Amino acid sequence: MSARSLELLEVTASGLYCAAGGFFVDPWRRVERAVITHAHADHARSGCGRYLCAAPGKHVLRTRMGSNATIDTLRYGETTSINGVTVSLHPAGHVLGSAQVRIEHCGQTWVVTGDYKLGPDPTCAPFEPVPCDVLVTESTFGLPVYRWPDPATVAGEINAWWRTNRDAGRTSVILAYALGKAQRIAALVDPEIGPIVAHGAVMKLCEAYRASGVRLPPIDRVPPRARKVGGGRALVIAPPSVLDGPWLKMFGATATAVASGWMTIRGVRRRRGVEQGFVLSDHADFPGLLAAIEASRAGRVLVTHGFADVLARFLRERGLDAEPLATRFTGEAPPDAASDEHGEPDEPDKHDEPDAKDGAA
Amino acid sequence: MKAFTDLYWRLDATTKTQEKVAALVDYFQAADHADAACAMGVLCGGRQLRAVSTTQLREWVAAATGLPAWLVEECYAHVGDLAETLALLLPDDQPASDAAPRPGLAMTMADTIHSLHTADEARKREVVTATWRRLAPRERIVWHKLVTGGLRVGVSRTLVARALAEVAGVEPAVMAHRLMGGGPADTAGFAALLEPVTATDDRRPYPFFLASALDRGDTAGVAADLGAAAAWQAEWKWDGMRAQIVRRGDDVTIWSRGEELVNEAFPEVVAAATALPAGTVLDGELLAVGPRAGGSPVQLLGFAALSKRSGRRRVPKKILSEIPCVFVAYDLLEQGGHDLRPLPLADRRRLLDELIPACFAAATAGPPAIETCLYRSPLVEADSWDQLAARRAESRERGVEGLMLKRRSSPYGTGRTRGDWWKWKIEPLEIDAVLLYAQAGHGRRAGLHSDYTLGVWDGDRLVTVAKAYSGLTDAEIVEIDRIVRATTVERHGPVRICTPTLVMQLAFEGVAASTRHKSGVAVRFPRIVRWRRDKQPADADTLDDLKRML
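Chains A and B are the protein sequences, given in the same order. Using the numbering used here, the letters of the first sequence map in sequence onto residues 235 to 595. Using the numbering used here, the letters of the second sequence map in sequence onto residues 75 to 624.
Rather than coming from a laboratory, the hints here were simulated on the basis of the structure. Model, not experiment: these values are computed from the prediction. Hints are not guaranteed to be accurate.
To be verified - Cβ-to-Cβ under 7 Å is the rule here; a few derived chain B residues that face chain A:
1. 141
2. 148
3. 149
4. 152
5. 153
6. 154
7. 158
8. 163
9. 164
10. 518
11. 520
Claimed, not checked - Residues of chain B clear of chain A, computed beta-carbon distances all greater than 10 Å:
12. 268
13. 309
14. 350
15. 378
16. 487
17. 546
Each residue gets a CB set at the ideal place from its N, CA and C atoms; glycine is no exception.
One chain only, chain B, in its complex shape (with noise of 0.2 Å):
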């Protein structure tokens, strides 16, 4: 436990991707290959466990410390950290003297987090409260988040790989291979990592290959950046879920861009791609789509609609039946089982062509699609930069969010290398809102004043249509706290209403209808564009302003 902690204040307390490399090859190098596995868990943000509720954790502080349940909220409400507001506030009696035997990070969570998990709560609290005395404070912040199953490091997963690729003496990209789809479950999991050479038959998926954002909106611009428009191959950018279908050995396993396994939540397509041959492997994008009455086109559900099945560890029929999956095919990696990621692209997508019959034709466009749950992705043909553009002046009315772009030429490659694949998206759509209450935020910005609810004018009245997290500066935040401060009305909770005063121009990708909202109405993807000084709350937009984008 105490390496693990060490650990995480050292990742704490770098931005250095260097460092935070150091630490991990460190700490990987010289811990126990079963200390080691469970903390690949934690850091490659696997499920965890959660043994206790906050509440519990709260209450039991609130009794070891003889402090008021409300005092323990106002430090929490200041210090923005639960774990570590309650680390903070129990006493600092000095664990047992170092000769004693510390256990490990995989012995503290079997002993006191999984075997807790099913206990009753006297024997939960005996055993919080036996741990508390065992640990330093710093552990105990550690530990009070992993009791509570909330334990995030500021690491990503690329970063461990690179670590451990370091300690194993291995490539990123095979390290970055034998990662996905979760880290190792056990001690002979982790060692198998370290492994110079594997040749197991595995269903694990490739590294995705990202695509960059092409910020230019004008023609002009990406026809300069991206030379002739021949040599690219344009296709919708879907507003799905990217995944891989990974047809190996006798099975399909469905893995999405989280690197989690998702078939439970895909039965249909895992039904439909067992007919694909083995040792095939489609890069592609999950997509919900209405009931079809035979032979009409498909109907586009949007992203909210896929959540409400990915989301799921088993599909009730009910949802199964009115929010309908498939898959679209964008390239194929893996044929006979042979890698064709180095393949250019133009020949990746001939094979795709012949081993996928069915093109995807949604909505508006084309002639109706066969139905089945695996299709290929259109081409979207085009002569010139000019006519992409005016195909992607379609897109809002198709239901997609714009192109994307990529290289003929290219191989599929790994992580987000710039160069041969861009999305080119559609503009994002935009109003001005004002701010009606405030929450503090976590981390960094705890105890500042950085999460809002923004609202536009219904009739002499504003109603709440977003919350927004991102878009400011620091300084903007701190100035923005200052005012939320100086012109809250009530407070609920950790919740300012404040006089409206502030207008942000805001940014999001569509509007849907919503029950959270009092408006009736939700905005997607919402982030903060500028603050508006110029204006005033008056100079606002409407709900009428929003629902004529729905």
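Only chain A is shown next, with the shape it has when bound in the complex (with noise of 0.2 Å):
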């Protein structure tokens, strides 16, 4: 195949390398030139010289760089040159200003995906396919058992638990990353039921959201040492590491419940004893990941992380150029692993290693 000639990404040490342009995508460690999919920590690491990201996604992206990253961007679809090569940025529908990286080359042309999902999400802009000749594609759930049931079910759902939870005088507690997915929870919900309140790590979000024109409805702050927050009617947005200390003790009796697309497996409901699961994710499910492949035409399918070798595999037996690449991306985590390594009680959503998974690490 005459695409093998040409390599327009490699992974390296530091991450996905273009040579011809002489950038990375979503590098793991400090570089001179960084193009981000997503401000999701295992995308975006801080200390580059440059970024190039999304134009919706830069209040996000500076809220997680720091003040002092210079951020360039792009309005989706709109192409730069760097050293010559084509650059374009391409609505991933992850999180707000996620994107797929367009690579243009010698006629050649890549697409990274970053993570995408193809269902409705009223945070972001959705899901573009981009036709190229090599799709580098992430697999976080690369397997035929996850299929989302309608966000609106699922929303349906969290409204119905949150008005039970109310009506009983417990306040509810769901468990999101604070950067995507409880947003997107917050715009959801019904917000006639009761008050929305979040933690800080999700509040500070909530603002970078707002200020890159994202409507959402009212979110309380927690005021500093409160002390009973909520009258038991609340529903609180907070991430999993909230398990592990005294925070939810100001809320009184409380239910939780954890929104992930990890949630369809129950072996992973029961194992981090919380009481209920909603399957609501920011990444495909396997039919969107064959979906999103084919629908950008490429004869060529690099996989990362998730179940990369188990979706290649399933490509190649279904006649496309697919393989394995080897990335430090980790997707979506399960929520048991999610503070087990790095204990950063504002950073939950750091992606970790799902512990059920194979393939890339």
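Join the two chains, each given in its own frame, into one complex according to the hints.
Have a look at this one:
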């Protein structure tokens, strides 16, 4: 296959590198030039010389990279040239500002999806397929057991759960990543049921979302040293790390739930001991991955983080040129892995290795 | 089927006893009696029919979804529960409209499980495929478990009894008694459970009274906890199978603590017990003993030998002659049809001594046993705790697990009520062993490598001696899971072979010859005491260390 003669991207010690353009996509070490698909911690690391991201994601990336970072932006679909290589960013539907990176050089087009989902999300632009020769795709949920229910149905389940808890005088605590999932939940639920309250880590990003023009319902910040909040009526959105500390105590009687794609699996729900799991993910499910791969019309597919080996084999059996690509992206961590290694209470969305998966590490 | 599925998921969703009982009460109050009888069979762990094999189910799911078989297996390895995996893989075509009749559990089981048991493969496949279309995904998980005979529900029989007692308006103990020996077989059986009073002359045993473990190894501590030694009756803790002999009416029934009727496995004990007067119930232990050569002491064969008898429905002559069994009575629960349980133990014991003349004495102790299959348990005589401690030290040599201490004034209670009955076991044996293989667990530990095969040194190589599942904290299991993944050198299906890096302190009850482990020995009741982070594999024990404990 002639495509093999030109490798636009290669995996180096610092990350996915485009030698022709002299830049990295989502590097895992400090580099001079970084093109960022989205601001989650396993894709955006601080300390790089220059960042390039999609314009809607600038505020979010700023909250993560700090006020001194140099951040350039592109509108979705707008092209730029980096050392003669054409680069553009296209909506990935994962979180606000998430982008697929399209790289074109010498008649070859590569697309790095970053994390993506195909389902609807009121807080970010929907995924757009980008035709290419080579697609570098994630595979966090690359097993056919993962098929998402309609998010509207899940929203209905969350509302019903919240209402039941409220009527019983219990505060509803929903555990979700501070960036993306938390805002999506706030936008999905029915704010008429009761007040929505957010953990500080979530609040910071809600503000970045609002500054970017995303409409969110009123969300209360938890006042410092508060004793009693919400009177058992509130929906609290917090990162999973709060389970390990005293923070939840201020809400009195609570019911906890986790919103994650991993909640599909009963064993994962039971292991963490959360009473309720809502299947809500910002990643593509298995049919979504296949649909995105097909829509890209790519002849060659490189599969990263998640079930890379499994998905690549499946694609090969369907006649595609596919292979796993070893990266250090980790995707959506199951709730019990989230706070194990990187004990950062404010950064629980620092994506961890899901403990129940194989493939690229 | 829907009501039972709802019950299954309600029980699954909570770890709180009260909520489980409430779920059961709701179910039994609303359920049709035929469905309830069926549900009882499942809840009480009755024998389930395997209508189709898991292999067939996997193949048909692969065919129905167009997925390759290897991908189905990858999914199973990830999910950790086959019924769930298959239910998640099947397309979600919505079951027929709500107006369509929805068969209950009994009818579903009759139509799709009992009738399938003997059907040919094509018919099985046809029924399975049609049933998938009829059931919602959450029903499919439960049904998959039913159809493969593998449904386990996280409720104890005690909880079921509590719930049914509430529904029937009787004491939980009465219901526990009614439930002994298996759940109701049919609609009438279930209805009978709910009757206010029973006066039937039944064959059911009494609920077993269980002893609690006395953790204190030091005699002074035991003395401080239990008071004067004279208040306690001591017996050996035999390494057999707890059972009750119920001699009522014209026959004998023998019940295991698992509430199974085990008559077929112990015909010689049944024959011996027939000589007891009607209206007699004995509590005691079934023990495997060696073939007896006239007048010599009996030889204890241990639990492994007993298992070769107890698991059987029919015992071949050869096994019957190689592994004869006896019953050693601890207690007399009923005489002349009268319930003796409220009497003090000392009185019951006196009646037992009169009823059963032969006292069991094994191997190293006492005079040759009288040749019978029915003995009373010998008392361990001692005047002080120090003397008792000295006798307890003989345990390993005698092939017993330690001492049983029972308060002489105590009635025969129900369940595991602390205070009157104690088991004072000898300390377990321990070795340091190296983790060699790991396998992902199931249920709550799905996807986590939590089942370990451990080995010890045989010269310069490590040989396996035990499989252990329990003893570590959840956090430790997560940590070890990471290490297992990082140190995997080879995979055989779900089993990972790891570079030896982890040392576990392993406790066990004994060492026996084994053909399953490369080392030629296996340990009994192995469990992990702690993760020895301070030790390297080179510090682990050797096969010779272990063989010395044989």
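Right, here's what the structure says about each hint:
no. : hint : in the structure
1   : 141  : holds, 6 Å
2   : 148  : holds, 5 Å
3   : 149  : holds, 5 Å
4   : 152  : holds, 6 Å
5   : 153  : holds, 6 Å
6   : 154  : holds, 5 Å
7   : 158  : holds, 6 Å
8   : 163  : holds, 6 Å
9   : 164  : violated, 10 Å
10  : 518  : holds, 5 Å
11  : 520  : holds, 3 Å
12  : 268  : holds, 32 Å
13  : 309  : holds, 41 Å
14  : 350  : holds, 48 Å
15  : 378  : holds, 33 Å
16  : 487  : holds, 33 Å
17  : 546  : holds, 14 Å
Of the numbered hints listed earlier, the single one contradicted by the structure is hint 9.
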